[in-house]
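Participant: Single-letter residue listing:
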Amino acid sequence: MPLDVVVCLKQVPNPDLQFQVAADGKDIRRDALNYKTNGADEYALEEAVRLKEKFGGKVTALTAGPKRAEQMLREAMAKGADAAVRLAFDDPAAVDDYQVANMIAAAIAKRPHDLVLTGVQSDDYGYSATGPLVAGFLKIPHASVVTRVEVSEKGLKVWRELEGGDQEVVSLARPALLTIQFGINQPRYAPLPAIMKASRQPIEEVKPTDLGQSTWDGFRGPYTLAVRKVSPPAAKGHAEMIPGNVADQAKAVAQLLREKGFVRG
Amino acid sequence: MGANVVAVAEHREGKIAGVTYELVAKGRELAAKTGGAVQVALLGKGVSGLAGEVASRGVEVLLAEHDALAAYTAGGYAQALAAMLRSPPKILLAGHTSQGFDLAPRLAAEWTAPIVANCVDLAMEDGTLIASRKILNDKMAVELAVTSERPYIATLRPGSVKPVGPAGAPGKVTPVSVLIDPAKNGRTFHGYERPEVQDIDIAAADVVVSAGRGIQKKENLPVIEGLAKALGGVVGASRPLTDMDWLPKTRQVGQSGKTVRPKLYIACGISGAMQHIAGMKDAGLIIAINTDPSAPIFEVAHYGVVANVLEFVPALVKELKSG
Ligand SMILES: Cc1cc2nc3c(=O)[nH]c(=O)nc-3n(C[C@H](O)[C@H](O)[C@H](O)COP(=O)(O)OP(=O)(O)OC[C@H]3O[C@@H](n4cnc5c(N)ncnc54)[C@H](O)[C@@H]3O)c2cc1C
Ligand SMILES: Nc1ncnc2c1ncn2[C@@H]1O[C@H](COP(=O)(O)O)[C@@H](O)[C@H]1O
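Just so you know, the protein sequences line up as chains A and B, in that order. Taken in order, the first sequence gives residues 19 to 283; the numbers are from the numbering used here. Taken in order, the second sequence gives residues 60 to 382; the numbers are from the numbering used here.
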C-alpha cells in the first residue's frame with residue numbers, strides 16, 4: 019500500500035547563536051543569521067523516507083518560506099524526498115501560525131496526502147501548533163508528539179509521548195497528520211551523489227493565486243495579531259558568573275564545592 | 060460570545076495535573092478583566108470525584124462525562140467542548156503540555172479562532188489579549204497583541220504562574236450532557252505504556268552531573284563520568300543524548316524524563332530548554348558550564364561558568380583531587 023507522504027519543513031535561525039533586537043523593536047536582527055532545518059523536522063523527514071522505503075509511494079517536502087529555504091528543500095531531496103514544494107511566503111518572521119498553517123493546509127489539500135508529517139515544534143517559535151492547525155483545516159485526524167509509527171491496512175497505530183516519559187498508544191484513520199518527536203529514528207546523512215542530483219531537481223513554487231487568494235493575507239484568521247515588542251528576556255534570576263581563565267574557574271568552583279560540603283576528604 | 064474564561068482540566072488515571080490549577084490562577088486574573096468568571100471544563104468518565112477536588116479550589120467546574128471521554132483524544136475533547144460551550148468563552152486556556160498543544164490548535168482551526176501557544180504570561184488590555192512568549196530557545200522575549208471577536212485560545216507553559224490553593228468555599232460542580240459521535244473522532248485510545256528499565260535512579264541521588272549536546276561526542280562521556288565520580292554522584296543527561304543512545308533513557312532529566320531535586324546539579328553543555336529546566340530547577344545548588352554566555356541555563360543556575368566543558372571539567376576534577 020504505497021503512501022503519499024507530505025512532510026512540512028521549516029528553516030529556522032541556528033538557535034546556538036546569540037540574537038539581537040532589530041531597530042524597530044519588533045523582530046530579531048536577521049541580517050547576519052545562519053539558517054538550518056528545524057531539528058524535529060529532520061526526524062519527520064527521516065520517518066517519511068523510511069515509510070516510503072518500506073511501503074512504496076512518494077515523499078513531498080513542503081515549506082512556506084523565503085527563497086533561502088530552497089537550500090533546505092534540496093537537502094531534503096538529497097535525503098530521500100521525491101519532490102519539493104515552496105509556498106513563496108516571504109515574511110521572514112512569520113509569527114502568525116494560524117496563517118502559515120492555513121496556507122500549508124490549502125496547498126496540501128490540492129495534492130494526494132495519505133499522511134502528513136510535521137515536527138513536534140519549531141526551534142525558533144516553539145508553538146507546537148502548526149501540525150494540529152493544519153489537521154484541523156484539512157479535517158483529518160492527528161496525533162502530536164509521536165515516537166513510533168506502525169502502518170496498517172486502513173490506518174495507523176502510533177505512540178504519543180506524555181509527560182514523565184510515559185507513552186500512550188492510539189490508532190488513527192488515514193489520511194492523518196502526525197507531529198514527530200525527536201529521537202523517533204536516527205536521521206541519515208545525504209550521500210554526495212544525491213546532493214549533486216538534488217541541486218538540479220526542480221522545486222515547485224506555489225503562489226497565493228494558485229490557492230485561490232490574491233495575497234497570503236487571505237489566509238489570515240478573522241483577527242489582528244501583531245508583535246508589540248521583542249526584547250532580551252527580563253532575567254528572573256541570573257547565575258553568579260565565575261570569572262577568569264579555565265584554571266581560575268576550576269579553582270574557584272572546587273573551592274565553592276568544598277565550602278558547600280560536596281567534597282569529602 | 061460570553062465573558063467567561065474556560066480552563067481545560069488535564070487529568071490522567073485519576074490524578075489532576077498540576078497545570079490545571081495554574082490555568083485557574085491565570086484564568087481568574089483574566090476573567091476579572093473580561094467581566095466574567097473562570098470555569099474549569101473537566102471531561103472524562105467516572106470523574107465526579109476529581110470534579111469535587113477541582114471545585115475545592117473555589118472554582119466552578121463544568122463536568123462532562125461520556126464513554127468516549129474515558130481517555131483524552133483531540134477529537135473527543137473537541138466535540139465535547141463545542142457541545143458544552145454553547146456560548147463560546149472569551150478565552151479558552153489549556154496547558155502547553157502533550158495534551159494541551161495537541162488539542163488547543165485543533166480547536167483554533169475548527170473554531171476559526173486565534174491561538175497563542177506556549178505563553179509564559181497572558182493579560183487583557185481593553186479587549187486585546189497580550190501574550191508574552193519566549194522564542195529562540197528562550198533567548199528572546201516577545202509580546203504579541205491579538206484582537207478578536209472570536210474566542211481567544213491560549214496554551215500556558217507549565218510552571219509559569221503560581222497555582223491556586225484550596226479555597227474556603229468550594230465552587231459548584233455543574234454537570235453538562237454532551238453528545239459525541241465516536242465515528243467523528245478519528246482517533247482511538249488503546250492504553251498507556253510505561254517503559255521499565257533496570258538502571259540507577261537518578262532521582263534518588265544527592266549529586267547529579269548532567270551532560271548535554273555541548274560534550275560534542277559520545278567518546279567524551281568519561282569526562283563527565285569522572286566528575287560525577289569525584290563528587291560521589293551519578294550521570295544524567297539532556298534529551299538529545301538519550302535520543303542518540305549515548306546513555307539509557309532512564310538518565311534523561313526533564314519534562315519527558317525524570318524530575319530530579321538533588322543537593323547539587325551540574326549542567327555540562329546544556330542550553331537550558333524549558334523541557335530540561337522543568338526537570339531540574341528545584342535542585343539545591345545548580346552550576347552550569349556553557350560556552351554561550353546567553354544560554355538560558357544561566358537563568359536558573361546559581362553559579363555559571365562560561366567555558367568549554369571539555370577543558371573545564373578535567374581541570375575541575377584535578378582541583379578536586381589535589382585538594
Ligand atoms: C515535547 C518535548 C519534550 C522534551 N523533553 C525533554 C526532556 O525531558 N529533557 C530534555 O533535556 N530535553 C527535552 N526536550 C528537548 C529540548 O527542547 C531541547 O532540545 C534539549 O533539552 C536540548 O539539549 P541540550 O541542551 O543538550 O542541547 P542544545 O540545545 O543543542 O545545547 C547545547 C549547548 O551546549 C553548548 N556548548 C556547545 N559546545 C560546548 C562546549 N564545548 N562546552 C560547553 N558548552 C558547549 C551550546 O552553547 C548549547 O547551549 C523535549 C522537547 C520536546 C519538544
Ligand atoms: N513555515 C513553515 N513551513 C513548513 N512547515 C512549517 C512551517 N512552520 C512550522 N512548520 C511545521 O510545523 C512544525 C511545528 O512548528 P511550530 O508550530 O512553530 O512549533 C514544524 O516542526 C514544521 O514541521
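Because the hints were derived from the structure by calculation, they are not lab data. C-beta: ideal position from N, C-alpha, C; glycine also. Don't take every hint at face value.
Said to hold, decoys possible - To be clear about the criterion: a stretch of chain A counts as covered by chain B if any three or more of its residues have a C-beta under 8 angstroms from a C-beta of chain B, and this derived list gives those stretches:
| id | stretch |
| --- | --- |
| 1 | 67-80 |
| 2 | 124-137 |
| 3 | 190-200 |
What the hints assert, rightly or not - Label-pair ranges, simulated between beta-carbon atoms:
| id | chain 1 | residue 1 | chain 2 | residue 2 | range |
| --- | --- | --- | --- | --- | --- |
| 4 | A | Pro261 | B | Glu208 | 30 to 40 angstroms |
| 5 | B | Glu72 | A | Glu258 | 36 to 46 angstroms |
| 6 | A | Gln89 | B | Val232 | 51 to 61 angstroms |
| 7 | A | His256 | B | Asp240 | 51 to 61 angstroms |
| 8 | B | Glu72 | A | Gln89 | 26 to 36 angstroms |
| 9 | B | Gly73 | A | Pro261 | 43 to 53 angstroms |
Participant: Hint by hint, note whether the structure agrees.
Facilitator: Status of each hint after checking the structure:
1. Beta-carbon proximity to chain B at under 8 angstroms applies to 0 residues in the stretch 67-80 of chain A; the threshold of 3 is not reached and the given coverage is violated.
2. Three residues within the 8 angstroms Cβ limit are the bar, and the stretch 124-137 of chain A against chain B gives 0, so the coverage statement is violated.
3. Counting residues of the stretch 190-200 of chain A whose beta-carbon sits less than 8 angstroms from any beta-carbon of chain B gives 4, enough to reach three: the coverage restraint holds.
4. Pro261 of chain A and Glu208 of chain B have their C-beta atoms about 55 angstroms apart, which leaves the hinted 30 to 40 angstroms range violated.
5. Separation of Glu72 of chain B from Glu258 of chain A is about 42 angstroms and conforms to the stated range, judged on CB atoms against 36 to 46 angstroms.
6. For Gln89 of chain A paired with Val232 of chain B, a C-beta distance near 56 angstroms keeps the hint of 51 to 61 angstroms intact.
7. With their beta carbons about 53 angstroms apart, His256 of chain A and Asp240 of chain B fall inside the hinted range of 51 to 61 angstroms.
8. At roughly 46 angstroms, the beta carbons of Glu72 of chain B and Gln89 of chain A sit outside the given window of 26 to 36 angstroms.
9. About 51 angstroms separates the C-beta atoms of Gly73 of chain B and Pro261 of chain A, a value consistent with the hinted range of 43 to 53 angstroms.
In this structure, the earlier hints numbered 1, 2, 4 and 8 are contradicted, and the remaining ones agree with it.
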